Amino acid sequence: MDVFSSLMDGFATALTPMNFMYAVIGVILGTAVGVLPGLGPAMTVALLLPVTYALEPTSAFIMFAGIYYGGMYGGSTTSILLNTPGESSSVVTAIEGNKMAKAGRAAQALATAAIGSFVAGTIGTALLAVCAPIVVDFAVSLGAPSYFAIMVLALLAVTAVLGSSRLRGFASLGLGLAIGLVGLDVVTGQARLTFGVPLLADGLDIVVVAVAIFAVGEALWVAAHLRRNPLQVIPVGRPWMGKQDWKRSWKPWLRGTAYGFPFGALPAGGAEIPTFLSYVTEKRLSKHPEEFGKGAIEGVAGPEAANNAAAAGTLTPMLALGLPTNATAAVMLAAFTQYGIQPGPQLFESEGPLVWALIASLFIGNLLLLLINLPLAPMWAKLLQIPRPYLYAGILFFATLGAYSVNLQAFDLVLLLALGALGFMMRRFGLPVLPLILGVILGPRIEKQLRQTLQLSAGDPAGLFSEPIAVVIYIIVGLILLWPLLYKLVRRNRAAAVVPATGSGATSPREVGGSISHGSHRADGPADGDG
Amino acid sequence: MSSSPTLASRLKGRSELGVVLLLGAAGALVIADAARIVTPYSQSDPVGPKTLPFIVGGLLLVCAVFLAVNVLRGGQGEAEGGEDVDLTHPADWKTVLPLVGAFIANILLIDWAGWVISGTVLFWGSVWALGGRNYIRDGLISVALSLLTFYGFYLGLGINLPAGLLEGIL
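So the protein lines, in turn, are chains F and C.
Taking this note's numbering, the leading residue of the first sequence gets 8, the next gets one more, and so forth.
Taking this note's numbering, the leading residue of the second sequence gets 261, the next gets one more, and so forth.
Don't read these hints as lab results, they were simulated from the structure.
There could be a bad hint or two in this list.
[Said to hold, decoys possible] Coverage of chain C stretches by chain F, computed from C-beta distances (three or more under 8 Å per stretch; other residues unrestricted):
1) 284-296
2) 311-317
3) 324-334
4) 341-351
5) 357-366
6) 369-382
7) 412-423
[Unchecked claim] List time: in silico DMTMM-like cross-link candidates among lysine to aspartate or glutamate, alpha-carbon distance up to 20 Å:
8) LYS254(F) - GLU298(F)
9) LYS109(F) - GLU298(F)
10) LYS455(F) - ASP352(C)
11) LYS250(F) - ASP209(F)
12) LYS301(F) - GLU356(F)
13) LYS310(C) - ASP209(F)
14) LYS455(F) - ASP467(F)
15) LYS310(C) - ASP252(F)
16) LYS455(F) - GLU298(F)
Bear in mind that the values here come from a model prediction, so they are computed numbers and not experimental data.
Where a beta carbon is used, it is the ideal one built from N, C-alpha and C, also for glycine.
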């Protein structure tokens, strides 16, 4: 089989001693940084981007593969042991996971999360290997009008479906697109938003933007609201599971994977919806429904698997279409571009060995995670106790170093601070970060497709609808945009007085509750939008 | 900020109008900048360099208007929580401003004094701003981190961070 032999070649590349070492480094770095409070996988990749410039692309992406899964895993460890999920995708894991940890079953919660991540990640990566070439076959037949439509869909879906306020999502998207405009126009060479500053002519470096928004913004935000009383970290030994735990975990793992991968692979990807759906399903199917809310292992196993399968699914549109749908994929896309590699249908043709080495190293990274992290869990738990001044000073220090080393210009640090202040403001006023990052990265690409489309149709706007796929996608876009109106109508007819959940300023358990009810709104969105 | 809680809460409710201003200003700026561009109509590029800026600027302005309405009607963005974030107390500028100060010091120093010195100032200043008071240990860690990253980048990655004043010593 073609896929199989390509994949075997990929394994051959990824398993050379040097590349294997990079995979190990990636997994350890990814987990370590992912465990640290306040640091997610996207920021990990962004901070480590400059470090990988000295490597050749294949080694760099093998390392990214490790960082990607490692960061995911690290995040779930944090949410189980601290009950304050740093990322929206681990919100659901924290509910039952932290209850289990408090009931003295932290070892089992971490074990089911780790093994579930491994199972879901492996199945998800296998599906990625099978699906990506199919998507590519399909994608090569698409022209600029369809690409334009798909990108519009991805931007709108991420903006309108995820997050609690659509308005604030669109505001964030607009800011991102504006940042993406800065620099010389590729076609005409006209300067846009450069204000005569020559240093802006090449546009804002995506590494600087990502590091500023994720790392500097986060460090400033946490500094302004630093917890005075340190959190209670639940001590944990080596993770293990009893026979009963295995019996209760394996089905949720598989069901979670089944939810996670398709949602991740959709242009409106994201792990929030599948993790939530998985939680609800497990609660309904469980033989121990009374344990839910008190630490049911199914409630950790399912959502964790969904989370990791979604992470693998996200890579399908990223590699096959050049379309990132979460922050980590967006930063990885930026990394590809830095190496002069354009993700998209041609990628499998032009950079086949690199792609298959990347996919192979996803399998390897997954296995390494399991082997390394089960014994190391107690050490990761200790990382959670790192003194906060050192942690956040360190984030600023490495953010500065990373942004500076791209071009060795102090001017980039000025941008870093300015955009960091923007990141701070966005956190303060509830503007989601993801639409901004996607706007910065997809803005120039979407403009290119738009111009090509209208060039083909000699300026006739009807050219936008010249491909059937494009028309179908615009209908979906319309449904997504109109959904809140329809939803309001339905709700008004039911006339049910539902108290909207407000999470701000609440204590941790209530905060989790608030986020979940947001999740349920979100969960309704795409299900109907796609139907 | 020692005003009565009612005034404080009212100010807090209004502060989001700053976001409205920012969005509006950004939108106006994008549109004004695009309007300034002069390009002849070209058959090979009917969209031109001005279309997307107009759309983006329009989007920002529309968002600004809707957000203004939303905020005046009592809508509020939900501040982001997190592992180390405690939203029960107001923003602590006494921590943030020194932190920004350390950051700016680094920007000013990096090309002249070099990374080892400016990085030390950045890390030590940040730790101090965040409440670290173990001056000697903090200082040792700062110097060690700066030196390690300087040599790490030079030897491991082939990136020459500026040596600045310590040129010749390092």
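Holds or violated: are the alpha carbons of LYS455(F) and GLU298(F) at most 20 Å from each other? Between LYS455(F) and GLU298(F) the Cα gap is close to 53 Å, so the pair fails against 20 Å, i.e. violated.
Proximity test - 8 Å, beta-carbon atoms, the segment 357-366 of chain C to chain F, at least three hits: holds (count 6)
Please work out if LYS455(F) and ASP467(F) have their alpha carbons no farther apart than 20 Å. Holds. LYS455(F) to ASP467(F) sits at ~16 Å (cutoff 20 Å).
Are three or more residues of the segment 284-296 of chain C within 8 Å, CB to CB, of chain F? Coverage by chain F holds for the segment 284-296 of chain C (6 residues, Cβ < 8 Å).
Can you confirm whether chain F covers the segment 412-423 of chain C, using C-beta to C-beta distances below 8 Å and requiring at least three such residues? holds (count 8)
Pair hint outcome, LYS109(F) versus GLU298(F) [Cα-Cα no greater than 20 Å]: 14 Å, holds
Check whether three or more residues of the segment 324-334 of chain C sit with their beta carbon closer than 8 Å to a beta carbon of chain F. holds (count 4)
Hint check: LYS301(F) vs GLU356(F), CA-CA at most 20 Å. Holds or violated? Answer violated: LYS301(F) to GLU356(F) is near 51 Å, above 20 Å.
Verdict on chain F covering the segment 369-382 of chain C, criterion of 3 CB contacts below 8 Å: holds (count 5)
Count the residues of the segment 341-351 of chain C whose Cβ falls closer than 8 Å to any Cβ of chain F, and tell me whether that reaches three. The restraint on the segment 341-351 of chain C holds, since 10 of its residues have a Cβ under 8 Å from chain F and three suffice.
Coverage of the segment 311-317 of chain C by chain F (three or more Cβ within 8 Å): holds (count 5)
Restraint check for LYS310(C) with ASP252(F), where alpha carbons must lie at most 20 Å apart: Roughly 60 Å between the alpha carbons, so the hint for LYS310(C) and ASP252(F) is violated.
The structure is inconsistent with the numbered hints 10, 11, 12, 15, 16, although it conforms to all the rest.
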